[in-house]
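**Q** Residues per chain, in single letters:
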Amino acid sequence: MSRKQFFSARRTVLTLILLNLLAISVAALVPQRFETPAQDIGQWPLAHPWLAPWLQGFGLDRVFSTVWFSVLLLFSLIALLVSLRLQVAHAWSKTFAAPQDAAGEHWRPVSMPDHLHPAAWRRAGYLLVFASDGKWRYLKNPWGYWGNPLLHSGMAIILAASLLMALTQQRSLLHLNEGEVHAPGTEWLVSECGPLADTIVFPEAIGLDYVLPEFWGQTGELKRLSSGLRFVDPRQGTISQVTLTVNAIVTRHGFRLYQGTNFGHSFYLEFNLGEGRQQAVIFDIKHPSTRGEAGYGNFRVVGVPYLIKAKYVLDPQTPSTLASTPRLVLRLVDDKGTVLAEQTLAPDASGTFGPYGVRLSRVGRWSSIIVTRLHGMGMVFFGFFLVIVGSGLIYFSPVREILVYRAGEGFLLAWRAGKFALFYQKEYESLLNSLRTWNHS
Amino acid sequence: MESLLTITPLAMDTGLHWLTVAFYVMATIANVSGLIFLRQSYEKTSYRLIMAGLAIHGAALVYRWVLSGHGPYLAKYEVLSSCAWVSLTLFLVYRRLYPWLRQGSILVFPASFLMVVIGLFTNPALKKLPPTFTSIWLVFHISFYKIALATLLIALAFSIFYILQQRTAYHWLKKLPTPAETDSIAYRFAGFGFIFWAIAMLSGSIWAYQSWGRFWGWDPIETWSLITWLFFGVYLHLRRFFGWYGVRAACLLMVCFALSIVALFFAGSMTGSIHAAYFQ
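Protein sequence lines correspond, in order, to chains A and B. Just so you know, our numbering puts 382 at position 276 of the first sequence, and the rest follows in order with no gaps. Just so you know, our numbering puts 240 at position 260 of the second sequence, and the rest follows in order with no gaps.
Treat the hints loosely; a few may be bogus.
Unchecked claim - DSSO-like cross-link-like pairs, simulated, lysine-lysine; straight-line CA separation at most 30 angstroms:
no., chain 1, residue 1, chain 2, residue 2
1, B, Lys108, A, Lys417
2, A, Lys392, B, Lys108
3, A, Lys241, A, Lys525
4, B, Lys24, A, Lys392
5, B, Lys24, A, Lys532
6, A, Lys329, B, Lys154
7, A, Lys392, B, Lys155
8, A, Lys442, A, Lys415
9, A, Lys329, B, Lys108
10, A, Lys417, A, Lys329
11, A, Lys329, A, Lys241
12, B, Lys107, A, Lys532
13, A, Lys392, A, Lys442
14, B, Lys24, B, Lys107
15, B, Lys154, A, Lys525
16, B, Lys155, A, Lys525
Said to hold, decoys possible - Quick list of the computed label-pair ranges, beta carbon to beta carbon:
no., chain 1, residue 1, chain 2, residue 2, range
17, B, Leu72, A, Thr349, 27 to 33 angstroms
18, A, Val177, B, Arg220, 22 to 28 angstroms
19, A, Gly163, B, Asn103, 40 to 46 angstroms
In short, the hints are calculated from the structure, not lab data. Each residue gets a CB set at the ideal place from its N, CA and C atoms; glycine is no exception.
For reference, chain B alone in the conformation it holds in the complex:
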């Protein structure tokens, strides 16, 4: 009987994550219905739920940090969970700075709980840090990729909103900023993401130089990361110098975002990647 009641640390960790998911799902339902059916009370409730979920999620990440002895960046489970936490936290910060980002939650909330759920269906076993993963530059490297992803998620949300504004006439879309503003928000957050991505690449190259004497090794993740950054460069260049805006710019941003997902979550699994340890 006693053994049945014993909770292993790993079960505690995954349990906290499932509790987080429950809060995030409830928050998403309340938020989406609040925004679509124009019920402010639902939306307010969604923020209370998301804050509670975020606190539990944060506690789960800290608990795992203590268990594993390193930050949450060494397995799919940890990577996805921490990406979700950073995306949500950063969205709440941005929303406080720019209140007109409010509707971005329609994409950010579900994306966050999906990341946690996908992570929960992977192996949550604890992994130990390889010796090359002990550099402070690695912490900057990883943190800025997470911040870049969170920022690009907002750019993606507003690109989708722009297309919906152009192609549909849903009532709730009228509560969004004007289409020109929506387009401009996507453009600016893509610019922010471009900067954060560059900082992540820079700190990664310093880490690589410190760890194995190369600042760039054309590793699959490095290559896909550079491809993504250049694609965002093309997007910004087209907007700045070729006057691209509207639907075609929004579509290009969606392609760039898809590339960023490939670079962050799929390229690491490719054969021979020195980054393979982080997303197995």
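Bound conformation, chain A alone:
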């Protein structure tokens, strides 16, 4: 068996689809590292000890970044390309070649005029595509033959584009407080890039001027979120301001900037640790999802050997969540979970917090910005489009074919449908009826 035969064999194709399915199913059932908190990832092998060796050996907790999955995708791509070449050749010959002697067809003797082309056939959508040597071939929906090549070329394009993107993607997450500036080349909060790409270096400084959330009146759920950004070009000294909103992307220097959905309040705290030591920190806490809920966060402060648990609630008396002044509640907790001290602070208030003093100097907002550069997105969507058009041609417009052969003084007629012949039996009968009508007229 040649390599070409191997990759185009039905069993190979089916095996590859099933292996892809198996890989994706494993990823759906085993928690994956990129989307699961670290502590859960650590717990999973302990809860399923019999799976632990497989987890390590085959990287079942990071399926999509394993070598074997890339090899599987590559094999699938090769099989698709080999199969595509055969399908194009097949579709070409089916559409344009002379009618082949169709063994097994149900031939029916008919009376027809010499010039053929009954008008009713044309009206029914049958086009004459071949006429020579006493053979005629009519096709309805000849483009239906191209459904399979289009479907498979779409899949090949999606696979190729996905591989390209996996190799070259750049994606970073920025977390900014109001008034903060991210200088070019500074580290991002989170950064992902493909093996052939470097971490994003955005050519301008990005400053966050303000965060503007809008809420639904009754529940206080988030309705709209915008950030006012300031871009400063250090070489030319230019400053430009834009508003970034969820679902309204800004494109700049080839990068796409998205408004993340995470935002909240920033609490600027000053801890007095005694002996003249001061520690200024910012506690960024995610905004509560509804009006009645609280936002929570756990923090460590240099010089404080305890965990600080923080929560904030919005003033329930204030009708607008936006106008509400948040109140911060701090708890000092030791390793055993015992609460050692608690303090509630409004902006510009101070108080004691166990052995320490604490002051809430001001409250602002923070927001997350996503910066990406992806190559191949257009290809992915074009591939999807081809998949849909291809499968649409296969299932919505199957090809129907009429063959007419001269046989002595008369003609033989055969009709067939590329797919779902049972659906079109009435169409065939009406074609025959039109012939009878023509003969009688």
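Fit chain B to the supplied structure of chain A, relying on the hints for placement.
**A** Using the frame of chain A, we list chain B on its own:
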């Protein structure tokens, strides 16, 4: 006394849904008995009842749409109710195009009222749209999944009919198309469902790319949706190239349909899904 007579908008909404259920149940009883006992008058009545139910159901959905300010796709109650409405409406459209789908109502009618009833036993409270849910691509994404489900429901019905035709000799089964035709109908509607599912995934990926810069994030719903689509791909591949037909093809289709239910109604509740907002 006045407060007792006051009907809250939510009570009005659920009341209309319960009225819909009443019509659907009566229509199902009339339809199933009409088809099984070969009483055409019962069957005709069932269509009158289902049309009335569909109109009330449609009014309930529009009323809720006005109340919530968004389409019916943000909570179990809305999702199931709109899926039922789309399934029924699409079945009536298909039936008009292909009259031999008539017996499909035996599965589609009860499935629709079950969806509405299950929805009614969940929390009907109104939810507000999160900011990422304001894209037009989301509307296509959701609509095509509903259309895919409605189409696959017909494929499922005819797969079950095929198995019944092979294994039993009930009189009413003789009124169905021939077993070969029944099998072919299931195959073709699975193909339609495969296309609609692909369109739903495509519009979802465009929405995701527009909203958070990823076209694919291996979110539980995305993964289960892809698994379902690939399973249908395997089903179609086996039929096309391996000559699968009959009972084993029908059984495989039932497995594929079960997967589509997992993908649409259960995967969204899995931990960490960005789709979690839609089916809570």
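**Q** Give a verdict on every hint.
**A** Hint-by-hint comparison with the structure:
no. : hint                                    : in the structure
1   : B:Lys108 / A:Lys417                     : 25 angstroms, holds
2   : A:Lys392 / B:Lys108                     : 19 angstroms, holds
3   : A:Lys241 / A:Lys525                     : 23 angstroms, holds
4   : B:Lys24 / A:Lys392                      : 58 angstroms, violated
5   : B:Lys24 / A:Lys532                      : 25 angstroms, holds
6   : A:Lys329 / B:Lys154                     : 56 angstroms, violated
7   : A:Lys392 / B:Lys155                     : 62 angstroms, violated
8   : A:Lys442 / A:Lys415                     : 14 angstroms, holds
9   : A:Lys329 / B:Lys108                     : 8 angstroms, holds
10  : A:Lys417 / A:Lys329                     : 23 angstroms, holds
11  : A:Lys329 / A:Lys241                     : 68 angstroms, violated
12  : B:Lys107 / A:Lys532                     : 50 angstroms, violated
13  : A:Lys392 / A:Lys442                     : 26 angstroms, holds
14  : B:Lys24 / B:Lys107                      : 39 angstroms, violated
15  : B:Lys154 / A:Lys525                     : 25 angstroms, holds
16  : B:Lys155 / A:Lys525                     : 24 angstroms, holds
17  : B:Leu72 / A:Thr349: 27 to 33 angstroms  : 47 angstroms, violated
18  : A:Val177 / B:Arg220: 22 to 28 angstroms : 27 angstroms, holds
19  : A:Gly163 / B:Asn103: 40 to 46 angstroms : 44 angstroms, holds
Hint compliance for this structure: hints 4, 6, 7, 11, 12, 14, 17 are broken, all remaining hints hold.
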